[in-house]
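Participant: One letter stands for each residue in the lines below.
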Amino acid sequence: MGRYAAKRIGFALITVLVAITLNFVLFRALPGDAVSALRCKACTAAFRAAQRHDLGLDRPLVTQYGLYLKGIASGDLGSSLRTEAPVRGAIWEAIKNTVPMVTLGTVFSIVFGIIAGVISAWRRGTFVDKITQQTALAFYSMPTQWLALLIVLFVAGAVGLPTSGLADPSIDILGDASTWSILVDRFQHMVLPSLTLGLVLYGDYSLIVRSAMLETLGEDYVLTARAKGLSSWRIVWRHGLRNALLPIVTLVALSLGFVIGGTYTIEFIFSYPGIGYATVEAIDQRDYPILQGIFLLVTFSVIGFNLIADLLYPKLDPRVVSS
Amino acid sequence: MSGAPVISVEDLHVWFDLADGGELHAVRGISFDLHPGERLGLVGESGCGKTTAILALMGLLPASASVRGRVLLEGSEIMAGGEDTISPHRWKDVAMVFQGAMNAFNPVQRVGKQIAEAMELHGTATGRSARLRVAELLELVGIAGERQDRFPHEFSGGMRQRAAIAMALACDPKVLLADEPTTALDVMVQAQILELLVSLTRDLGLALILITHDLPLIAQVCDRAAVMYAGEIAEIGTVHDLYADPRHPYTRLLFAATPDIYGDDLVVSIPGSPPRLDHEPVGCPFRPRCDAFLERCDTVAPRFRTVAPGRSVTCHNGDPA
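For the protein sequence lines, the chains are A and B, in the order given. Oh and the first sequence: position 279 is 279 in this note's numbering, straight run, nothing missing. Each number in this note's numbering corresponds to the 1-based position in the second sequence with 323 added.
Hints were generated in silico from the structure; no laboratory data involved. Predicted model, so just to flag it, every value in this text is computed and none were measured. We put the beta carbon where it would ideally sit given N, CA and C, even for glycine. Worth double-checking, as some hints may not be accurate.
[Claimed, not checked] Some, not all, of what chain A presents toward chain B, calculated at C-beta under 7 angstroms:
1. D220
2. T224
3. K228
[As the list claims (entries may be wrong)] Computed footprint of chain A on chain B; a stretch qualifies when at least three of its residues, placed anywhere within it, have a C-beta under 8 angstroms from a C-beta of chain A:
4. 405-416
5. 424-435
6. 440-451
Start from the sequences, fold in the hints, and give me the full structure.
Facilitator: Below, the structure is given as structure tokens:
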């Protein structure tokens with residue numbers, strides 16, 4: 001176990017290093033930079049050169065790389081090219097908005113996806129299975145932005161929930177709103193984007209859980225368990241789901257990794273000022289430091305959650321360590 | 324064999340519903356008795372209904388199957404009430420070693436725990452006494468008792484097979500059903516397993532039904548054998564009688580089709596293939612492949628008749644009626 005864990009952690013660290021480097025190279029390899037995106041009457045060639053000099057874009061790549069590494073090591077991700085505010089603060093603001101919203105949606109999809117998948121596999125071929133599967137497939141294959149628009153158009157009005165922004169701009173205008181009502185307002189703004197994400201992921205989960213469960217329920221040890229006299233609930237729980245957990249954990253780790261990344265289309269349609277929204281804006285402005293910061297963070301979180309999954313596997317399946 | 328049979332099967336039928344609305348008559352009325360300590364071989368080609376018949380005894384067929392017939396366990400009918408009457412006996416009185424028993428263990432649970440699971444469920448032993456019993460069972464099949472805390476993947480194929488037998492013995496069953504318990508094992512391990520099965524029936528008085536398509540294996544292990552064809556028992560009798568004096572042409576041809584390393588006879592194959600069972604066959608199902616058919620074989624299905632004590636056959640040859 002110790003060796004296995006050390007190996008996994010080692011791999012994760014190497015991946016992080018590679019990602020850091022790629023993150024640097026990628027942005028230098030792209031055509032154009034922040035200065036070339038400037039459009040103004042005063043933008044003469046000399047002005048642009050001066051700007052590049054100020055931003056350090058005229059230095060040799062190796063020097064830039066060194067500075068970049070040093071910055072990351074000290075937690076400094078640079079400053080936004082547009083607002084000149086530190087990237088760290090800007091990203092932190094966006095994360096604070098994104099994480100609760102995406103977590104809500106992901107938890108929703110995991111809980112309902114697993115329940116639906118298990119029931120569907122258990123009652124294979126029945127009406128319940130068919131309905132569950134068709135619904136899951138529909139949500140799975142629906143383009144996210146389209147589902148989001150449908151929800152804005154048809155669901156939001158019916159249930160009376162806000163469709164844009166993080167909070168009601170007028171809620172605390174007099175400074176007398178209670179913390180509770182502010183929280184409720186925040187939550188209400190979160191519900192629809194979360195629901196959109198949750199439904200899309202729900203399709204994913206229930207389909208994968210179903211097929212993983214069907215596979216294990218067809219195993220010889222499940223027939224043996226039946227022969228031993230186990231009730232079907234106990235078989236599904238102790239011998240089925242327990243073995244189907246491996247692919248499920250992988251999927252959970254993957255989607256949790258992307259929690260921080262937010263969801264570009266959903267945040268954009270709901271004008272939700274999270275990481276996804278910030279990414280789209282930064283791309284628009286060619287605000288490289290922000291983009292780099294976001295990419296780095298998403299990479300770290302994906303690698304981190306995968307590492308957690310890797311470290312969990314041996315607890316779920318004793319064969320993982322020895323193989 | 325003297326005394327009362329431990330299990331009697333009377334006119335057992337199994338049908339499967341097909342997706343197209345039809346029915347497949349997989350087991351077409353089989354009957355046999357099994358006495359304590361007796362070893363019965365069930366032999367036949369793939370698809371002749373061996374496994375289906377045995378799964379029916381355990382009440383383990385899928386929902387698409389319907390079963391008719393009587394199964395008497397020590398004189399009391401266990402089939403009539405469906406799941407309610409079968410489940411108390413399952414594993415407690417009638418246990419099974421499955422085809423591919425190497426995969427009978429859940430890979431993520433310890434072997435001992437899975438053996439104990441059956442005991443706890445049927446209330447024969449719990450906690451510490453279950454652990455002791457598991458160790459005892461593993462020793463019985465030649466595995467060190469402390470290995471019960473290992474995971475299945477830490478056992479070799481042969482060990483897993485033996486552990487599966489230990490698991491089947493967990494609740495002291497009266498009847499053990501073994502479906503191809505030695506396929507996929509090398510000959511040395513195969514010999515060990517067979518020896519183990521024989522000694523268990525001798526020492527514990529266990530009755531064994533061994534399913535296989537391997538005739539020499541039956542000859543090695545079993546006292547009696549039932550040759551199955553197209554969902555019926557073509558012939559049943561002692562292994563010696565079946566070999567020395569086969570009454571059904573299929574039995575004779577089956578023995579002739581078995582290679583013998585000492586003999587120099589050519590191995591004969593039986594031409595043709597078994598009939599499809601999604602339509603009831605007319606006449607004798609073996610008629611198209613038979614080398615000794617009579618005129619009535621085309622139209623009249625032969626009956627399963629007793630020709631000598633413990634000896635029955637489904638063939639018109641020698642039937643005066």
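Participant: Residue count check for the segment 424-435 of chain B against chain A: does it reach three with CB-CB under 8 angstroms?
Facilitator: Since 8 is at least three, the answer is holds.
Participant: Quick one, is the K228 (chain A) hint okay against chain B at 7 angstroms, beta carbons?
Facilitator: This hint holds: K228 (chain A) lies near chain B, its Cβ roughly 4 angstroms from the closest one there, short of 7 angstroms.
Participant: Does the CB of D220 (chain A) sit less than 7 angstroms away from some CB of chain B?
Facilitator: 4 angstroms, holds
Participant: Double-check T224 (chain A) for me: the hint is only fine if its C-beta lies closer than 7 angstroms to a C-beta in chain B.
Facilitator: OK, holds: T224 (chain A) within 7 angstroms of chain B, min 4 angstroms.
Participant: Holds or violated: the segment 440-451 of chain B covered by chain A, criterion of 3 or more residues with Cβ-Cβ distance under 8 angstroms?
Facilitator: holds (count 4)
Participant: Report holds or violated for chain A covering the segment 405-416 of chain B, Cβ cut-off 8 angstroms, minimum 3 residues.
Facilitator: holds (count 4)
Hint compliance for this structure: every hint is met.
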